[in-house]
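Residue numbers (the numbering used here), protein chains in the order written: chain A, 1 to 251; chain B, 252 to 480.
None of these hints come from the bench; they were simulated from the model. Hints should not be assumed to be uniformly reliable.
[What the hints assert, rightly or not] Dumping the calculated SDA-like pairs for lysine to any residue here, alpha-carbon to alpha-carbon at most 20 Å:
1) A/Lys101 with B/Lys346
2) B/Lys346 with A/Tyr68
3) B/Lys346 with A/Gln201
4) B/Lys470 with A/Val87
5) A/Lys94 with B/Arg446
6) B/Lys342 with A/Ile71
7) A/Lys94 with B/Ala477
8) B/Lys342 with A/Phe208
9) B/Lys346 with A/Glu202
10) B/Lys439 with A/Val87
11) A/Lys101 with B/Lys397
12) A/Lys234 with A/Leu223
13) B/Lys470 with B/Ile417
14) B/Lys342 with A/Asn4
15) B/Lys346 with A/Val207
16) A/Lys101 with B/Leu447
17) B/Lys439 with A/Ile188
18) B/Lys470 with A/Tyr68
19) A/Lys101 with B/Arg446
20) B/Lys342 with A/Tyr3
21) B/Lys470 with A/Gly17
22) B/Lys470 with A/Ala67
23) B/Lys470 with A/Glu127
24) B/Lys470 with A/Asn4
25) B/Lys346 with A/Asn4
26) B/Lys439 with A/Phe86
27) B/Lys470 with A/Glu70
28) B/Lys397 with B/Thr413
29) B/Lys470 with A/Ser131
[Unchecked claim] Label pairs and their computed distance ranges (CB to CB):
30) B/Gln402 with A/Thr18: 52 to 62 Å
31) A/Pro93 with B/Ile334: 50 to 60 Å
32) A/Val226 with B/Leu393: 33 to 43 Å
33) A/Val226 with B/Ala371: 18 to 28 Å
34) B/Asn313 with A/Trp5: 38 to 48 Å
35) B/Leu393 with A/Gly139: 45 to 55 Å
36) A/Leu241 with B/Gln261: 36 to 46 Å
Note that the structure is a prediction, hence the values are computed from the model and not measured. Glycine residues also receive a C-beta, built at the ideal position from the N, C-alpha and C atoms.
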Amino acid sequence: MNYNWEWSIYLAAEPGGTGIYIKYLVIGLGWTLATALAAWVIALAIGSVVGTLRTTPHKWVVRLGNAYVEIFRNVPLIVQMFLWFFVVPELLPKALGDWVKQMAPPWGSYLPAVMCLGLYTSVRIAEQVKSGIGSLSRGQGMAGTALGLTLGQNYRFVLLPQAFRIVLPPLTSEFMNVIKNSSVALTIGLLELTGRARAMQEFSFKVFEAFAAATVIYLLTNLVVVYGMRALEKKVRVPGLISASPTAGGH
Amino acid sequence: MSGYDFDVIQRSWVYLFRDGMTFTLTLTALAMVGGIFFGTLLAMMRLSRFSILSYAAGGYVNLMRSLPLVLVIFWFFFLVPYIGAWAIGAKDPVKVGSFMSCLITFTMFEAAYYCEIMRAGIQSVARGQVWAGYALGLNYWLTMGKIVLPQAFRNMLPVLLTQTVILFQDTSLVYVISATDFLGAAAKVANRDYRLVEMYTFVAVVYFIISFGLSLLVKQLQSRIAIIR
Numbered sequence: 001m002n003y004n005w006e007w008s009i010y011l012a013a014e015p016g017g018t019g020i021y022i023k024y025l026v027i028g029l030g031w032t033l034a035t036a037l038a039a040w041v042i043a044l045a046i047g048s049v050v051g052t053l054r055t056t057p058h059k060w061v062v063r064l065g066n067a068y069v070e071i072f073r074n075v076p077l078i079v080q081m082f083l084w085f086f087v088v089p090e091l092l093p094k095a096l097g098d099w100v101k102q103m104a105p106p107w108g109s110y111l112p113a114v115m116c117l118g119l120y121t122s123v124r125i126a127e128q129v130k131s132g133i134g135s136l137s138r139g140q141g142m143a144g145t146a147l148g149l150t151l152g153q154n155y156r157f158v159l160l161p162q163a164f165r166i167v168l169p170p171l172t173s174e175f176m177n178v179i180k181n182s183s184v185a186l187t188i189g190l191l192e193l194t195g196r197a198r199a200m201q202e203f204s205f206k207v208f209e210a211f212a213a214a215t216v217i218y219l220l221t222n223l224v225v226v227y228g229m230r231a232l233e234k235k236v237r238v239p240g241l242i243s244a245s246p247t248a249g250g251h
Numbered sequence: 252m253s254g255y256d257f258d259v260i261q262r263s264w265v266y267l268f269r270d271g272m273t274f275t276l277t278l279t280a281l282a283m284v285g286g287i288f289f290g291t292l293l294a295m296m297r298l299s300r301f302s303i304l305s306y307a308a309g310g311y312v313n314l315m316r317s318l319p320l321v322l323v324i325f326w327f328f329f330l331v332p333y334i335g336a337w338a339i340g341a342k343d344p345v346k347v348g349s350f351m352s353c354l355i356t357f358t359m360f361e362a363a364y365y366c367e368i369m370r371a372g373i374q375s376v377a378r379g380q381v382w383a384g385y386a387l388g389l390n391y392w393l394t395m396g397k398i399v400l401p402q403a404f405r406n407m408l409p410v411l412l413t414q415t416v417i418l419f420q421d422t423s424l425v426y427v428i429s430a431t432d433f434l435g436a437a438a439k440v441a442n443r444d445y446r447l448v449e450m451y452t453f454v455a456v457v458y459f460i461i462s463f464g465l466s467l468l469v470k471q472l473q474s475r476i477a478i479i480r
């Protein structure tokens, strides 16, 4: 291949004047994480509520929850990103819409990106929470009812504490998904890691060095998340389940 | 919603569907076929007795699954011309059309996801089936092709199709390399006529109808082909 590799490019100054390229990319990682974490908080809050509601005995609540999930699951992420960025400010009351549109960069892209990713991820969390509650043995809820707990107390003290500990592993992969998905925010102008790698490629013409750096940073981030979550899983696992027994091997 | 201009959709829908949706659907279909083909090969490698094959396939799958699709699209967009030049021995990077570039990207990327599905499918087949195949004197390829894979496909068909619905949605990300898929075509009209609100809501509705319809079909198929055990 006729490609001139130039690895020292990372130490060259980027044209925006914020310092060397590698620093430019690491700040990008900061934006990626800031977007992913904020979206994660929204997703966890809404997803838990919707997922729980979908397991209640109230038929119309379940239907409403299902409709919410289907809507956000069947529209591509990038289209949702455009809806939040281009369409929502137009539909808001004029003063509020103008305020959103005139927000200084990067907040003008950051806020729609967080809202979009938050709601997009919330339906996936809702699915996980629902299946987590569904995986509990029926006797758990019945025992709660027999003890005289109300529906709310039953969820609060019996079902949810177990369900959340069971769904922690799938939630880990959802968290990695939200980190990866935050790269779509570059289409609305948020300079996160992938966006900055692309910008670096445009400034320096060093295509493969730029994307190689982003690739390595994503891989390292994944490793950190996997190990962090594994430690958390070990800490909160439910005693007595197969995954909790110390002799069980595998991952 | 006053001032909502339906006219722009009426003016542009032929272009949107004839150019854009054709691109999207062709890409989805070809990438599905290619992705399932390579995904199955990868799954067979991952389950292989030869550790070098299984490590290579495992490494590839884990790499693809930990990178954002957008980054992978960029990688292949710039890499494919160099690979092409290397393959035909040309000195300069060859020119590759955006459709070809997208097709290679999605085939290679989705292969990693199809691989995990096929791996689960192959592992869901009872071990006795493989032994029976060997006992009948079939070799590895015949056992795989005639006994294991047909059952694995049948078991995993709904999951494979669900992944294809996700692939269909993911193809909209080719927007980042300015390819004219359904979203790209709509974005071009939206920016030309300054009708962003109308075009993007229309795009969302169309994607929703197709994806939701497909996932309903998958659900129906799932209940029809389920093997009663």
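Results of checking the hints against the structure:
no. : hint                               : result
1   : A/Lys101 with B/Lys346             : 39 Å, violated
2   : B/Lys346 with A/Tyr68              : 44 Å, violated
3   : B/Lys346 with A/Gln201             : 19 Å, holds
4   : B/Lys470 with A/Val87              : 32 Å, violated
5   : A/Lys94 with B/Arg446              : 18 Å, holds
6   : B/Lys342 with A/Ile71              : 50 Å, violated
7   : A/Lys94 with B/Ala477              : 53 Å, violated
8   : B/Lys342 with A/Phe208             : 18 Å, holds
9   : B/Lys346 with A/Glu202             : 19 Å, holds
10  : B/Lys439 with A/Val87              : 16 Å, holds
11  : A/Lys101 with B/Lys397             : 60 Å, violated
12  : A/Lys234 with A/Leu223             : 17 Å, holds
13  : B/Lys470 with B/Ile417             : 15 Å, holds
14  : B/Lys342 with A/Asn4               : 13 Å, holds
15  : B/Lys346 with A/Val207             : 16 Å, holds
16  : A/Lys101 with B/Leu447             : 14 Å, holds
17  : B/Lys439 with A/Ile188             : 15 Å, holds
18  : B/Lys470 with A/Tyr68              : 18 Å, holds
19  : A/Lys101 with B/Arg446             : 16 Å, holds
20  : B/Lys342 with A/Tyr3               : 10 Å, holds
21  : B/Lys470 with A/Gly17              : 54 Å, violated
22  : B/Lys470 with A/Ala67              : 16 Å, holds
23  : B/Lys470 with A/Glu127             : 16 Å, holds
24  : B/Lys470 with A/Asn4               : 51 Å, violated
25  : B/Lys346 with A/Asn4               : 19 Å, holds
26  : B/Lys439 with A/Phe86              : 14 Å, holds
27  : B/Lys470 with A/Glu70              : 13 Å, holds
28  : B/Lys397 with B/Thr413             : 25 Å, violated
29  : B/Lys470 with A/Ser131             : 17 Å, holds
30  : B/Gln402 with A/Thr18: 52 to 62 Å  : 57 Å, holds
31  : A/Pro93 with B/Ile334: 50 to 60 Å  : 52 Å, holds
32  : A/Val226 with B/Leu393: 33 to 43 Å : 39 Å, holds
33  : A/Val226 with B/Ala371: 18 to 28 Å : 20 Å, holds
34  : B/Asn313 with A/Trp5: 38 to 48 Å   : 25 Å, violated
35  : B/Leu393 with A/Gly139: 45 to 55 Å : 48 Å, holds
36  : A/Leu241 with B/Gln261: 36 to 46 Å : 58 Å, violated
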